[in-house]
Amino acid sequence: MPNVLMVYYSNSGNTRKLGEALAKAVEANGVSVTIKKVEEATMDDLRACDGLLLGSPCYFGTVAAPIKQFIDESIALYGKGELEGKPGGAFCSTGTIGGGGVSTLMTLNNAMLIHGMVVQGIRKMAHFGPLSIKEPDENVLEGCQKYGAQFANLVKRLTD
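Numbers 123 to 282, taken from our numbering, label the letters of the sequence shown in order.
It is possible that part of the hints are untrue.
As the list claims (entries may be wrong) - Calculated pairs, DSSO-like style, for lysine-lysine (alpha carbon to alpha carbon, straight line, at most 27 Å):
no. : residue 1 : residue 2
1   : 139       : 202
2   : 246       : 146
3   : 256       : 246
4   : 256       : 158
5   : 268       : 202
6   : 246       : 268
7   : 146       : 158
8   : 146       : 268
9   : 158       : 190
10  : 139       : 278
11  : 139       : 268
12  : 139       : 159
13  : 139       : 246
Calculated directly from the structure, the hints in this document are not laboratory data.
Just so we're clear, the structure is a prediction, and the values are computed from it rather than from any experiment.
Can you make the complete structure from the sequences, with help from the hints?
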């Protein structure tokens, strides 16, 4: 069974709740998920996974410092083909509408694209990945179900 690594940072718990909903959806669609707080995740974890989901709260219009540090450390894998072609996805929480959530998602997606990962947008709802304003509500959780199913199917297609 393919395995997705989910790496996240959460201060208030909202990003964690979003990630848990996503993980449940991915697993319901036949892909296992290993969830790690960013301080627990290693470059060996990245090498070993079949897909990656990155999550961060939005701080000042971008990712939280621990996630940025993890992305910066991933330069050790850049250009070596270890992440190339693997599916990647992003999720984010923010405190307010217009608080920078989309730019945070784009920062996460950009890092994965630069590594040569496959990032698939979702046509309806949150195009760049699940985004909650504060705690995830029912609409956001529904979006997690759709995004998680789509992500799991991408992982299965690319690992067959």
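Of the hints given before, which are not true for this structure?
1 and 5
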